[in-house]
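**Student:** Here is how the chains run, residue by residue.
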Amino acid sequence: MFARIIPIVIKEFLELKRDKWARFRLIVPTLVQMLLFGYAATYEVYHVSTAVLDLDHSQESRELISRFTSNGRFDVVKVAQSQREITEAIDRSDAAVALVIHAGFAELLRKGQNAPLQVIVDGTNSNTALIALGYVGTIAQGFAQDYASDLAERVQGVRGMKQIQVTLEQRPWFNEDLNGRWFFVPGLIGTLTLVIIVNLTAFAIVREREAGTLEQIMVSPIRPAEFILGKTVPFFVVGLGEVALIVAVGILWFQVPFVGNPLVLLLGSALFLLSSLALGLLISTLCLTQQQAFSMNFFLLNPFFILSGFAYPISSMPQLLQWLTYVNPLRYYLVVIRGTFLKGVGLGVLWPPLAAMAAIATVLLTTSILRFRKSLE
Amino acid sequence: MNAAAPIVSAKALTKRFAETAAVDGLSFTVNRGEIFGLVGPDGAGKTTTMRMLAGVLPPDTGSIVVDGIDVVSKPEEGKQHISYMPQRFGLYEDLTVDENIRFYADLFEVAAGVREERAQRLLTASGMSQFRSRLAGQLSGGMKQKLGLTCALVHTPKILLLDEPTTGVDPVSRRDFWRILYGLREQGVTILITTAYLDEAERCNRLALLHAGRILYCDTPVALKQRMPGALLVISSPAGRKVRAAIVGQAGVSNVILVGDGVHVVVDDPHTCIPELGDALQRAGVPFTGIVAGEPSIEDVFVSLLENTGKTQ
Ligand SMILES: Nc1ncnc2c1ncn2[C@@H]1O[C@H](COP(=O)(O)OP(=O)(O)O)[C@@H](O)[C@H]1O
Ligand SMILES: [Mg+2]
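Those sequence lines, one after another, are chains H and Z. Each residue of the first sequence is one higher than the one before, starting from 69 at the first, in this note's numbering. Each residue of the second sequence is one higher than the one before, starting from 98 at the first, in this note's numbering.
Derived from the structure by calculation, the hints contain no laboratory data. No incorrect hints appear here.
Computed list of lysine to aspartate or glutamate pairs in DMTMM-like fashion (alpha-carbon distance at most 25 Å, straight line):
id, chain 1, residue 1, chain 2, residue 2
1, H, K442, Z, E206
2, H, K442, Z, D164
3, Z, K108, Z, D157
4, H, K442, Z, D191
5, H, K442, Z, D121
6, Z, K171, H, E445
7, Z, K322, Z, E297
8, H, K85, Z, D191
9, H, K85, Z, E213
10, H, K85, Z, E196
11, H, K442, Z, D157
12, H, K88, Z, D195
13, H, K85, Z, E190
14, H, K88, Z, D191
15, H, K146, H, E156
16, H, K88, Z, E196
17, H, K146, H, D122
18, H, K85, Z, D195
19, H, K88, Z, E190
20, H, K442, Z, D167
21, Z, K108, Z, D167
22, Z, K255, Z, E173
23, Z, K108, H, E445
24, H, K442, Z, E196
25, Z, K255, Z, D273
Output of the computed footprint for chain H on chain Z, the stretches with three or more beta carbons under 8 Å from beta carbons of chain H:
id, stretch
26, 140-153
27, 168-182
28, 185-195
29, 201-210
Remember, predicted model here, so these are calculated numbers, not experimental data. Glycine residues also receive a C-beta, built at the ideal position from the N, C-alpha and C atoms.
Bound conformation, chain H alone:
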């Protein structure tokens, strides 16, 4: 029934075996990107340049500032004397964050009232700004809590006072130290695999069209399904190798813990590979030239990253974009990868994303087969 899959598979492997460049392209850029992203892309922020303006000159204000300087995250680059100097420091990008303590700060605290700490951040790098703002909040609350309990001790007998402020307790699960790399590297497995596989398969059919070999295949009695599936198998095998390579670098080099079931990850990877290569093959059946395939590839891959939850939280997207993420296999694969790597959850929890990827792969492969006409028109 599907006997003609085999010659296609053999041919693809032979071509890959002879093509030294293809092998280089499969291994070297993957490793380089993995290392590059693994090191460069991190959600943590250290040494934020900071300007301070203390208009209170009290023991309390100095204590608060010292909490910032003693913490490796902020470097005080400017001790300003006026609000104008603060504005200048931010405008000239000398400082990314400015802290202003107004006169009367200590007095408010001593009365047990809320005392304001003014924070100015340079929003032009909103990522750093937001993360830094988070740290400011944590430090300020730590300060407030300590101060309140000190005060309570000093004012003996008066217990359970409302001044004991409730701190917002940030207690992340699964990645207790909020190690950005642990979060990031598993995500890389998905994104890098998507790029490699779609790139590889998007040209698989167009190249034959351009070389004239497709015309030969069309005049043979091969069925579209045999041709498409014959193309699928070799890329699937190659893709599994890629995933193994990236996972190995993540675990052995970046020391990301893997606490889940490897078989669940394998299943998820297999389904994700099928969806990615079906996507690539679909691009290939739609395009007439490699140039078109290249542009289409370029056009499609970015939305896949953005709408995956890799870098931007899906829950913060407008509703329309959130709906779009449901047809993105990368979204589901990231859930499976993070679930198996960091949480160690199994099929009981991960079956919905796995089923979603299986559905996407089926639809895309079927569409490719139906789209592939044995006709030059």
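With chain H fixed as given, assemble chain Z with the ligands onto it according to the hints.
**Tutor:** Frame of chain H; chain Z with the ligands shown alone:
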């Protein structure tokens, strides 16, 4: 099936690409076991016709019946019996000669033993047996075409469609090629071949002259030659261009064709023209070694038929 009935029958085929009518109301039949040539200048519609016969390009209108199969409505059924060698045969350049042959054999589900026997015979006939493990990308142009033919013939088709198989092929390879084709004809394979080489056209049983998507003439080479109006004179001269310049427009001269060692002239009446042309050349001071009546080649016939068509259009 009646053996005398034509194996290919195309009726009123039309194919348009945007504004151009690549094929414009084409009708012809090919008899079982003959070599049928489609001849015409570039852009005449030869490739488009072949693709429609091969079932990879649906015609806009018209019908094609190949060995009793309606190729337009059931292209997949025709593919079992047809072998089509496109103008640019797509070989996998990273695969060896043997691997290419094996791939195409497998696509047609040819058994390994049969494949090996055929590959050996075809490669020997084309003088390529010693290159079987060479990568296809490293073969010369002529060898690539011969490998293409081998791949196309590794399953036994009833009909072989060859689109300009010898374009860019050296003369020795071309002879090999034709020897293989004659061998196939003896085995009963019907061959449809397009060519831009008019000397090759002479080797066909029947020819169709294609121009702008239409068949102008379709007949045996001998009959076509008889259709040529007038007679052919051969003027031998080392200065063909000067000869042409001197005699174009002379009374009774309808066509002047440059050839390697002089010119061929189509004239109304050779008896009056031979002395007249001799005089004209002498007056113009053009050197020539002789003017004799000659047997027209297919090239002469086509050029003159095409020119006449151009004049009447
Ligand atoms: N795929 C196509 N798209 C647009 N025009 C085409 C296409 N194929 C052929 N043509 C046009 O149709 C005409 C006939 O082409 P073709 O059949 O290739 O001629 P030939 O093989 O005799 O040189 C030419 O004018 C050519 O430009
Ligand atoms: Mg052509």
